[in-house]
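So the protein sequences, as listed, match chains A and B. Residues in the first sequence are numbered from 2 upward in steps of one, following this note's numbering. Residues in the second sequence are numbered from 48 upward in steps of one, following this note's numbering.
Just so you know, these hints were derived from the structure itself, not from any lab. Just so it is clear, CB atoms sit at the ideal spot from N, CA and C, and this is done for glycine as well. Be aware that a few hints might be false.
[To be verified] Reference excerpt, derived from the structure (chain B facing chain A, CB under 10 Å, subset only):
no., residue
1, Q294
2, W297
3, C344
4, S356
5, N403
6, S409
7, F410
[What the hints assert, rightly or not] A short list of chain B residues far from chain A (calculated; beta carbon distances all over 12 Å):
no., residue
8, Q77
9, D209
10, G299
11, E304
12, A338
13, I365
14, G398
15, A431
16, K470
17, K487
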Amino acid sequence: MISIAMATNRSAQRPNGAPQTKVCQFKLVLLGESAVGKSSLVLRFVKGQFHEYQESTIGAAFLTQTLCLDDTTVKFEIWDTAGQERYHSLAPMYYRGAQAAIVVYDITNQDTFGRAKNWVKELQRQASPSIVIALAGNKSDLAAKRMVEFEEAQAYADENGLLFMETSAKTAMNVNDIFLAIANKLPKSEVSTGGAGTRVLNDADAPRASSCCK
Amino acid sequence: MVFASKMPSLRIDQSDLKCKNGCNFFGNPQWQGYCSKCHREQLQRQRWAEKGLTATLPKPVQKKMERSLKLSSHSSFSKFEEKRLRQSETLKNKTNLLKFSVFSKSKSSEIQDQTPERKPPEFKVPATVYEMMKKDWAENFSNLPVQVDRECRVFVHRFIWDVINSSYVMNVDELSERVQRYYQQFIKYTDNSPHLVSAEPELKERLIDFVEKHAMTYLHDLPGVVFSPHGTEDERLDRAMSERIQQLSWVGEKHLECKLDHSNECSQLLYKAISELLAMDGAPFGGGKLAHVRRACLHVLELCGAPASADDLLPKLIFTVLKANPPRLVSNINFVTRFCNAQRLMTGEAGYYFTNLCCAVSFIENLTAESLSMDKKEFDCYMAMPASIGGSTWAAALSLCGAVKEAEEQRQHAEKLMEEIKKLQDDAEQLANNAETFEKEIAKKVQDVLAKTPLEIKPRRELPRLRVLRNSTGPLIDLETSKTVPEEDKQKIPQINIPDKPQDKIDLQFETLNTRTENILSFDMDKSPPKSPQNQPWESKQTGSFELLTPSPISFPLFDSRSIDERMDELMTPEEFGPDNLSLGLSNINYDIDLSDLSGDNSYAEDTPKEPKDPFSPDGIKKEPLFDPFAPQTSNYAILEKFDEFTLVDTKNKDASDSFEVVHRTNDFQTNAERSDPFGPVQAEATSILDENNSPSGACLLPSPLLPQSSKKT
Numbered sequence: 002m003i004s005i006a007m008a009t010n011r012s013a014q015r016p017n018g019a020p021q022t023k024v025c026q027f028k029l030v031l032l033g034e035s036a037v038g039k040s041s042l043v044l045r046f047v048k049g050q051f052h053e054y055q056e057s058t059i060g061a062a063f064l065t066q067t068l069c070l071d072d073t074t075v076k077f078e079i080w081d082t083a084g085q086e087r088y089h090s091l092a093p094m095y096y097r098g099a100q101a102a103i104v105v106y107d108i109t110n111q112d113t114f115g116r117a118k119n120w121v122k123e124l125q126r127q128a129s130p131s132i133v134i135a136l137a138g139n140k141s142d143l144a145a146k147r148m149v150e151f152e153e154a155q156a157y158a159d160e161n162g163l164l165f166m167e168t169s170a171k172t173a174m175n176v177n178d179i180f181l182a183i184a185n186k187l188p189k190s191e192v193s194t195g196g197a198g199t200r201v202l203n204d205a206d207a208p209r210a211s212s213c214c215k
Numbered sequence: 048m049v050f051a052s053k054m055p056s057l058r059i060d061q062s063d064l065k066c067k068n069g070c071n072f073f074g075n076p077q078w079q080g081y082c083s084k085c086h087r088e089q090l091q092r093q094r095w096a097e098k099g100l101t102a103t104l105p106k107p108v109q110k111k112m113e114r115s116l117k118l119s120s121h122s123s124f125s126k127f128e129e130k131r132l133r134q135s136e137t138l139k140n141k142t143n144l145l146k147f148s149v150f151s152k153s154k155s156s157e158i159q160d161q162t163p164e165r166k167p168p169e170f171k172v173p174a175t176v177y178e179m180m181k182k183d184w185a186e187n188f189s190n191l192p193v194q195v196d197r198e199c200r201v202f203v204h205r206f207i208w209d210v211i212n213s214s215y216v217m218n219v220d221e222l223s224e225r226v227q228r229y230y231q232q233f234i235k236y237t238d239n240s241p242h243l244v245s246a247e248p249e250l251k252e253r254l255i256d257f258v259e260k261h262a263m264t265y266l267h268d269l270p271g272v273v274f275s276p277h278g279t280e281d282e283r284l285d286r287a288m289s290e291r292i293q294q295l296s297w298v299g300e301k302h303l304e305c306k307l308d309h310s311n312e313c314s315q316l317l318y319k320a321i322s323e324l325l326a327m328d329g330a331p332f333g334g335g336k337l338a339h340v341r342r343a344c345l346h347v348l349e350l351c352g353a354p355a356s357a358d359d360l361l362p363k364l365i366f367t368v369l370k371a372n373p374p375r376l377v378s379n380i381n382f383v384t385r386f387c388n389a390q391r392l393m394t395g396e397a398g399y400y401f402t403n404l405c406c407a408v409s410f411i412e413n414l415t416a417e418s419l420s421m422d423k424k425e426f427d428c429y430m431a432m433p434a435s436i437g438g439s440t441w442a443a444a445l446s447l448c449g450a451v452k453e454a455e456e457q458r459q460h461a462e463k464l465m466e467e468i469k470k471l472q473d474d475a476e477q478l479a480n481n482a483e484t485f486e487k488e489i490a491k492k493v494q495d496v497l498a499k500t501p502l503e504i505k506p507r508r509e510l511p512r513l514r515v516l517r518n519s520t521g522p523l524i525d526l527e528t529s530k531t532v533p534e535e536d537k538q539k540i541p542q543i544n545i546p547d548k549p550q551d552k553i554d555l556q557f558e559t560l561n562t563r564t565e566n567i568l569s570f571d572m573d574k575s576p577p578k579s580p581q582n583q584p585w586e587s588k589q590t591g592s593f594e595l596l597t598p599s600p601i602s603f604p605l606f607d608s609r610s611i612d613e614r615m616d617e618l619m620t621p622e623e624f625g626p627d628n629l630s631l632g633l634s635n636i637n638y639d640i641d642l643s644d645l646s647g648d649n650s651y652a653e654d655t656p657k658e659p660k661d662p663f664s665p666d667g668i669k670k671e672p673l674f675d676p677f678a679p680q681t682s683n684y685a686i687l688e689k690f691d692e693f694t695l696v697d698t699k700n701k702d703a704s705d706s707f708e709v710v711h712r713t714n715d716f717q718t719n720a721e722r723s724d725p726f727g728p729v730q731a732e733a734t735s736i737l738d739e740n741n742s743p744s745g746a747c748l749l750p751s752p753l754l755p756q757s758s759k760k761t
């Protein structure tokens, strides 16, 4: 298989381009059980909005947001995924080629934390090895109904080398922070993004194509 | 030429005279509209076709036909049909090719070995591609330097040429790599070209799309090169997928747990999404297909409503795909994933939505009972169902039409029923009205009848008269008044008689009785005058000792009849009926016998009591003792009273008053006597019977009590 380095980080290739700021584009997938607040989290991050009953008509399935770090501009392309159990097997299609993933769970629901652990395991096994994984315990504003202890999640995150924060899409607590933390952790070098990025797609396609060619 | 064919051919354009193949030379009808060079190529191609190599080379004529078809069809459904047709066409071609494919592969490799230098001159990228590019360029990139335009065309040419050539030797994956490398090269070019230094990244991307579009548009329509290429099972998979989707047409919203409100808007959006998905097949290059997918997904997202997250998007997209059953779905997806600029797929909105589509298709491919969270048995049942029942979109539409028709029929039927119900209601109302009017009429008639026959008035008149008479005790006045209404009296007599006597009687009997008694009485009355010689002496005698024998003078026939009735009744019925039937039988028998009786009575009353005995005696003898205790007493009493009244009114004779008084006395006397004696009733009856019958036989039966009384009376 020929590895083609495709530049998602094009600014670096600009020969005459001013050395001002690099623009890095990253694909970030959101994983997690349905109704843990994935889309709320993204909407808060991207639009600064929170709608308790989500009367906004903004499609939260695909959104982009740009963050400015000190020397680079990071453009997040956020891919929401269907959280229902029955679509679990489709998840690899979403997270292939992703440079970052946020696994979201609901702190008021122990089951969602269990599912989150499964996601993490799967990402570590199947996604690109350089993927940055963040664990987000959402709905921290509902601490009174907390079912998942902060310490427990923190311990798990530490164990697996994950970024971890408890967030609240409602109060905006830690929402921007977690994206910033991811942006900081992501490698901005051209090589890594290129390598992890595009060809994974064709790798994933290969089995299908080969199965056709039997 | 595509454009030439499109134009209205009223006047011959110069382009019409040019080579059909689109090179700028003039064509010649002798060469089938080609220029000499193209004609030669064409001939050669035909020769190659015999060797099974046609598919690899462009077929301008066929392509043109397809193009014009495409231009003419607008609706997604016609397009859909067209695609199906084309699919089957290509399939036919394919089967032809497949025959050769076994050795064509080896042959092609041979050819590769033998004639690598021979082939390139054979193939020429048609001029249409360049023309299209020129046009597109003029529209979109006019502000860019001309060199870029030229370089782009050169690049596209090289791209196409290389892809076609390498398609013989490479399998799909290698070809895909190669195509991707070309994209990569062009991206590098855009980054490095001195003409594009100042260009915005978006412009560069558009340029990349531009190149991809024109190269792929041409390659896409070449059978077996990039779209469902040789050596892949894309077409078979297409069919399999289509069948699978057909089979899954029963999968509804509830299975996928996506809720769709069935408003008009909603279905409009769904239709839009479906038509976009269907249109995807029509787009000849990856970017176009992606654009269709994106638009379809946006419609689906809109369908989701407020919290449009992936949780909602995916199920609804699956639903849409199932309902759309897009043609050549697998081929399209594979084409995009292989030959579309990979960067587009990886990132960006289009990439995201295309991924969603891939997920939907993958989900459909691997759909199980579990993934629909339903019972395995039920799922198998559904799957075993022939697709025609579950239905494709067409079958669904058809069954829908059928259902609509049925519903319409049912509605009409219901309407008819409603009409009938209305009719029935009207009829019922009318009937009720009729009944009411009838009732009123009847009431009126009854009232009229009542008015005509003043039942109430007469007794009132008489009673006061009676009282007045009694009070005033002026017999003369009575006589006068009674004389004025002799007929009324006749009528009145039965009326009064009947209610008093048989109080237990049924009306019908009563009526018959009434009339009959009327008849009888009237008869009697009528008949009496001729027998006046007998009667009058009798009446005149009433005042005399005869009164003592009989309680009332006029009651004679009645008493007779009663005795007769009793006999008759007892013949037929048990004792119980006796007292009641007295009056009934009365009429019946009176008829026959009265005349004789009357005469007899009169005769015997006058002469001897033995005379009537002859016909009745045997009966009367037997029954009398049984009967007497109940009925006669009351009846006698009542009758006596009645007869008093009756006599009062009836008696037109001057002597009546006298006789009357006498009668009253006798009554009182009798009752007193009865009350005083323990055997009173019996005695009274016995007397009455005896009186009536005057039968010696009766005396024989009851010798002791009767005889003394009779003797007393006498």
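Q. For which of the previously enumerated hints does the structure constitute a violation, in increasing order of number?
A. 1, 2, 11, 13 and 14
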